[in-house]
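The listed protein sequences derive, respectively, from chains A and B.
With the first letter of the first sequence counted as 1, position 83 gets the number 83 in full-length UniProt numbering; the numbers rise by one all the way through.
With the first letter of the second sequence counted as 1, position 28 gets the number 28 in full-length UniProt numbering; the numbers rise by one all the way through.
Derived by calculation from the structure, the hints in this document are not laboratory data.
Treat the hints with caution; some may be incorrect.
One copy or any two copies: either way a pair holds, since identical chains are not told apart in the list.
Computed cross-link-like contacts, SDA-like style, restricted to lysine to any residue with a CA-CA straight-line distance of at most 20 Å [what the hints assert, rightly or not]:
(1) Lys-16 / Lys-41
(2) Lys-157 / Pro-85
(3) Lys-36 / Phe-4
(4) Lys-69 / Glu-33
(5) Lys-157 / Glu-106
(6) Lys-18 / Glu-28
(7) Lys-36 / Val-142
(8) Lys-65 / Thr-8
(9) Lys-94 / Ser-128
(10) Lys-157 / Tyr-172
(11) Lys-41 / Ala-25
(12) Lys-69 / Tyr-141
Protein chains: 2
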Amino acid sequence: MTTFSERTIKSESIYKGKIIDVSIATIEREDGERAKRELVKHPGAVAIIAVTDENKLVLVEQYRKALEKPIIEIPAGKIEVGEEPIKTAYRELKEETGYSTTRLTEIASFYTSPGFADEIVYLYEASSLEEGEQQLDDGEYVHVVTKSLAECEELIKEQRIHDAKTMYAIQYLKLKEN
Amino acid sequence: MTTFSERTIKSESIYKGKIIDVSIATIEREDGERAKRELVKHPGAVAIIAVTDENKLVLVEQYRKALEKPIIEIPAGKIEVGEEPIKTAYRELKEETGYSTTRLTEIASFYTSPGFADEIVYLYEASSLEEGEQQLDDGEYVHVVTKSLAECEELIKEQRIHDAKTMYAIQYLKLKEN
Numbered sequence: 001m002t003t004f005s006e007r008t009i010k011s012e013s014i015y016k017g018k019i020i021d022v023s024i025a026t027i028e029r030e031d032g033e034r035a036k037r038e039l040v041k042h043p044g045a046v047a048i049i050a051v052t053d054e055n056k057l058v059l060v061e062q063y064r065k066a067l068e069k070p071i072i073e074i075p076a077g078k079i080e081v082g083e084e085p086i087k088t089a090y091r092e093l094k095e096e097t098g099y100s101t102t103r104l105t106e107i108a109s110f111y112t113s114p115g116f117a118d119e120i121v122y123l124y125e126a127s128s129l130e131e132g133e134q135q136l137d138d139g140e141y142v143h144v145v146t147k148s149l150a151e152c153e154e155l156i157k158e159q160r161i162h163d164a165k166t167m168y169a170i171q172y173l174k175l176k177e178n
Numbered sequence: 001m002t003t004f005s006e007r008t009i010k011s012e013s014i015y016k017g018k019i020i021d022v023s024i025a026t027i028e029r030e031d032g033e034r035a036k037r038e039l040v041k042h043p044g045a046v047a048i049i050a051v052t053d054e055n056k057l058v059l060v061e062q063y064r065k066a067l068e069k070p071i072i073e074i075p076a077g078k079i080e081v082g083e084e085p086i087k088t089a090y091r092e093l094k095e096e097t098g099y100s101t102t103r104l105t106e107i108a109s110f111y112t113s114p115g116f117a118d119e120i121v122y123l124y125e126a127s128s129l130e131e132g133e134q135q136l137d138d139g140e141y142v143h144v145v146t147k148s149l150a151e152c153e154e155l156i157k158e159q160r161i162h163d164a165k166t167m168y169a170i171q172y173l174k175l176k177e178n
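Construct the complete structure from the given sequences, taking the supplied hints into account.
Here it is as structure tokens:
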């Protein structure tokens, strides 16, 4: 599959931000053809499947400016520079939801938008939960809710749950139930 | 949940590209606090779950510059301006894989990266397939493969299948099998 590689001829930095970097790469394929690629660099994220003793999934509702609306998602957070993803996961679960766990297991990872971005999400499952207080960062407004799988499916129909990682997590729990 | 909205105070356009637009919004929450949001606009995409008569999932392998490697995904494509998503889906399935279908059904939609992007993927399932010839755009290099669910799970372990929409689609098919 020699036509598969895309060698970078030139890379132009457009923007270096707090969360994303944007660049335009001029690439050359092995047949000599050139093209442009719009690329977003992202540090990656973690997300956590946490189910309470009452068999409810821990979720957070927050405003997503990119969508101009609030949606309900599993707890998640951006990986800090140099931080091991699993450490981010322990930290974000505790900070965003107040719940903590003694053991997280990685169950999957996936690129969210391979057409233009390198964002990867590492998905963990918490083995047991202890309730506690949220510890939100300054300016974080996150509302914690817990929902059964049937309630989650209703929220998907209403498009209040409407993102890939959360919908993947709900399918994962349904498959586990079977 | 009055703290949920984020009013735009200022929006600075950073880049307007062929696929993505990038801007920085200054937002104000209802408590008066201000913050910046890095935002990527994307026209949205479709993806298609197409299973052959031999019960194999139709997949495409292509180089993803954002990841600097090829990965194997379900067929997908960006929605053109003004195009109905389902039309994009009929077109992309045929062009990318050669397979065509008389009926697509929307089974889900999801935002891929709600933290910074508005990209939405509409996921369709093809009800029956007819084999034909690929009709790739100039400069598209897409290698079609068909795989059983067991083979797909191996490819996930090898991280050759490694994106959210494809892994969601595989879970969907597993749930359907049960």
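Here is how each hint holds up against the structure:
no.: 1; hint: Lys-16 / Lys-41; in the structure: both (9 Å within a copy, 17 Å between copies)
no.: 2; hint: Lys-157 / Pro-85; in the structure: between (31 Å within a copy, 19 Å between copies)
no.: 3; hint: Lys-36 / Phe-4; in the structure: within (15 Å within a copy, 38 Å between copies)
no.: 4; hint: Lys-69 / Glu-33; in the structure: between (42 Å within a copy, 18 Å between copies)
no.: 5; hint: Lys-157 / Glu-106; in the structure: between (28 Å within a copy, 13 Å between copies)
no.: 6; hint: Lys-18 / Glu-28; in the structure: between (30 Å within a copy, 18 Å between copies)
no.: 7; hint: Lys-36 / Val-142; in the structure: between (38 Å within a copy, 17 Å between copies)
no.: 8; hint: Lys-65 / Thr-8; in the structure: between (33 Å within a copy, 9 Å between copies)
no.: 9; hint: Lys-94 / Ser-128; in the structure: within (13 Å within a copy, 47 Å between copies)
no.: 10; hint: Lys-157 / Tyr-172; in the structure: both (18 Å within a copy, 16 Å between copies)
no.: 11; hint: Lys-41 / Ala-25; in the structure: both (12 Å within a copy, 19 Å between copies)
no.: 12; hint: Lys-69 / Tyr-141; in the structure: within (13 Å within a copy, 37 Å between copies)
Going through the hint list in order, the structure satisfies each hint without exception.
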